[in-house]
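Peer 1: Okay, here's what each chain looks like letter by letter:
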Amino acid sequence: GAVVSQHPSWVICKSGTSVKIECRSLDFQATTMFWYRQFPKQSLMLMATSNEGSKATYEQGVEKDKFLINHASLTLSTLTVTSAHPEDSSFYICSASRGYLNEQFFGPGTRLTVL
Amino acid sequence: TQLLEQSPQFLSIQEGENLTVYCNSSSVFSSLQWYRQEPGEGPVLLVTVVTGGEVKKLKRLTFQFGDARKDSSLHITAAQPGDTGLYLCAGGSNYKLTFGKGTLLTVNP
Chain A
1 GAVVSQHPSW
11 VICKSGTSVK
21 IECRSLDFQA
31 TTMFWYRQFP
41 KQSLMLMATS
51 NEGSKATYEQ
61 GVEKDKFLIN
71 HASLTLSTLT
81 VTSAHPEDSS
91 FYICSASRGY
101 LNEQFFGPGT
111 RLTVL
Chain B
1001 TQLLEQSPQF
1011 LSIQEGENLT
1021 VYCNSSSVFS
1031 SLQWYRQEPG
1041 EGPVLLVTVV
1051 TGGEVKKLKR
1061 LTFQFGDARK
1071 DSSLHITAAQ
1081 PGDTGLYLCA
1091 GGSNYKLTFG
1101 KGTLLTVNP
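Chains as they are written, first to last, in my numbering: chain A, 1 to 115; chain B, 1001 to 1109.
In short, the hints are calculated from the structure, not lab data.
Ideal Cβ placement from N, Cα and C applies to all residues, glycine included.
Treat each hint with caution, since some may be false.
Straight-line C-alpha distance at most 25 angstroms; calculated PhoX-like pairs for lysine-lysine [what the hints assert, rightly or not]:
#: 1; chain 1: B; residue 1: Lys1056; chain 2: B; residue 2: Lys1070
#: 2; chain 1: A; residue 1: Lys14; chain 2: A; residue 2: Lys64
#: 3; chain 1: B; residue 1: Lys1096; chain 2: A; residue 2: Lys20
#: 4; chain 1: B; residue 1: Lys1096; chain 2: A; residue 2: Lys66
#: 5; chain 1: B; residue 1: Lys1096; chain 2: A; residue 2: Lys55
Covered stretches of chain B (chain A as the covering partner; in silico rule of three or more C-beta atoms under 8 angstroms from a C-beta of chain A) [unchecked claim]:
#: 6; region: 1028-1041
#: 7; region: 1045-1058
#: 8; region: 1096-1106
Input sequences plus hints: build the corresponding full structure.
Peer 2: Structure follows, in structure tokens:
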């Protein structure tokens, strides 16, 4: 149990375009999902907390108009990188929280490359 | 701001050796989780510890939570090449996790 999927697994786009990444909890419902960004050989950096049916909570320094998050159902959260630029190239990982210990289960990640 | 100091940052050992990774903080966490991540993939949850002094074993991996719930350790016995990866500790507070910087472990055959 506790399987989280992400789509796409990788995407290459031109500068100025928008990219949407989907995160799904496949076998459980998640009222809270999280979006992280990870640079090579570094740890995870929390970008925002996505709450079903309400606005996302963004970490300090993360532009909410740049990284749009929608959590429309208990099994789906989306991250849209708007007007992407090369500096947005990164590995984006989502997680879904489950249980009273709020354990987080991670998706496989999405590699975004902006040309 | 809660911080988790993880050490060592890099570790390269030979197959069969033992190793310990440490995770320390000045803050108290309600739980502490250990993850292992392979390149290009998401982290995989290994264990969650919640009680001060708790010890959990997962085959050759032994996890310990400090009595004060501020620190934790991961000990691997007789490491194997398949143990290679990035090990991350994460402290739980409210609903969020605070991650350590990770330990990149390489086990050479």
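Peer 1: State for each hint whether it applies.
Peer 2: Hint by hint, here is what the structure shows:
no.	hint	verdict
1	B/Lys1056 with B/Lys1070	holds (16 angstroms)
2	A/Lys14 with A/Lys64	holds (21 angstroms)
3	B/Lys1096 with A/Lys20	holds (24 angstroms)
4	B/Lys1096 with A/Lys66	holds (22 angstroms)
5	B/Lys1096 with A/Lys55	holds (16 angstroms)
6	1028-1041	holds (count 5)
7	1045-1058	holds (count 3)
8	1096-1106	holds (count 7)
No hint from the list above goes unmet by this structure.
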